[in-house]
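These are the residues of each chain, in order.
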Amino acid sequence: MLTALLGKKIGMTQVYDGDGVLHPVTVVQAGPCKVLQIKTVETDGYDAVQLGFEDIKAHRATKPLIGHARKAGVKPQKFIREVRLGAPDEELASGQSVAVEIFDDIQHVDVIATSKGKGFAGVMKRYNFGGQTASHGVERKHRSIGSIASHGTNAGTGPKLKKGKRMCGHMGMERTTSRNHRLIAVDKENNLLLIKGPVPGPNGTLVQVRVSRTAKANTAK
Amino acid sequence: MSQELLKKAAQSSMKTDVPVFEVGDTVEVSVRIVEGDKERVQIFGGVVIRRSGHGISETFTVRRIVNQQGVERTFPLHSPKVSGVKVLRGGKTRRAKLYFLRDRVGKATRLKQVAGQKKRPAAASEE
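The listed protein sequences derive, respectively, from chains R and H.
Numbered per the numbering used here, the first sequence spans residues 1 to 221.
Numbered per the numbering used here, the second sequence spans residues 1001 to 1127.
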């Protein structure tokens, strides 16, 4: 069974449920996705589906992309990702279109996207360090990292710092998985998913939405 | 395009028959309250002093005096819990937010009544 779709983050809004409770939702335009390739155990060693989202013009695509899409009989795609399958799915065929219907009975989803870039960020923003005090003799170092090691904490590493010491540096703009969002509604007419809460990335970012792997409600109800 | 999609997403939970009233009107708001498994309707009456926001997040604020104490309640316009807004009296105002009413007591809080119930463009402030 196919458990994921590709899409685009549209933005956030609010909707009421049947009890009159207002939910903050992220609107994701998911699919329709084109099946570009079916991978099987015999040919590739595992079962998977390669999906594409959003047609692009042939002159904006590379020749390998065009050729790959032509095999499935579709236009070159902007966003291509692979979705693993537990078992071969007979209903899927390359060139076929899949839409939000696959989320019909689903309560919770995971969203994978590239988070907003924050640039070169200090440790307070990047790792929630506390910084230094406002007074008590602290000057010009209120947001700085402080001591990074001592003789004791560094024991065993010699003159060097321990690997993985958290410091300032580039933050954001990385693949992020946001898990267990409640799926509030599925709009089949406009191919929209209404996902509770915020999802990574700016509006317009390309996202993968998959059936939540950890939420118990998905299996219970 | 994406803004239109956002609107479409919220459309399903927006009211189609939005109550028509303006800032300055004296209104009675019916609020559905669920107590256990019983549901009843509570009425909150007063003067509309503010309408704010747009689309699904539009709200309005009603002010009244209870036991010599000013009470203001803000309602989401599209909430299913706000089952109705009945206009008792139209009030003439020259501003959009009637915060000056907070500084007034007694007779000074009265607003000039709109002569007759003038015909208003239906839900003109709605998208």
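Calculated directly from the structure, the hints in this document are not laboratory data.
Mixed in with the good hints there might be a few duds.
[Said to hold, decoys possible] Here are the in silico distance ranges between beta carbons for each label pair: (1) H:K1007 / R:G172: 24 to 30 Å; (2) H:R1040 / R:H170: 52 to 58 Å; (3) R:S150 / H:E1004: 56 to 62 Å.
[Said to hold, decoys possible] Covered stretches of chain H, as calculated for chain R (at least 3 residues, CB under 8 Å): (4) 1009-1019; (5) 1093-1103.
[Claimed, not checked] Straight-line distance between alpha carbons at most 30 Å, and here's what the computed BS3-like set of lysine-lysine pairs gives: (6) R:K188 / H:K1015; (7) H:K1015 / R:K75; (8) R:K163 / R:K141.
Since we're looking at a predicted model, the values are computed, not measured.
Ideal Cβ positions, reconstructed from N, Cα and C, are used throughout, including at glycine.
Do the hints match the structure? See the list:
In this structure, H:K1007 and R:G172 meet the distance hint of 24 to 30 Å, their C-beta atoms being roughly 29 Å apart. For H:R1040 and R:H170, the Cβ-Cβ distance of about 57 Å falls inside the hinted range of 52 to 58 Å, so the restraint holds. A hinted range of 56 to 62 Å holds for the C-beta pair R:S150 and H:E1004, which are about 59 Å apart. Only residues whose C-beta sits within less than 8 Å of a C-beta in chain R count toward coverage, and the region 1009-1019 of chain H has 4 of them, enough to reach three; the restraint holds.
Check on the region 1093-1103 of chain H: 0 of its residues sit with their Cβ under 8 Å from a Cβ of chain R, so the three-residue criterion for coverage is violated. Of the supplied pair hints, the one linking R:K188 and H:K1015 holds, its CA atoms being roughly 21 Å apart against a limit of 30 Å. For the proposed pair H:K1015 and R:K75, the alpha carbon gap of about 41 Å is over 30 Å, so the pair is violated. Only pairs whose Cα atoms come within 30 Å are accepted, and R:K163 paired with R:K141 is accepted, the gap being roughly 24 Å.
Consistency with the previously given hints fails for numbers 5, 7, ordered from lowest to highest.
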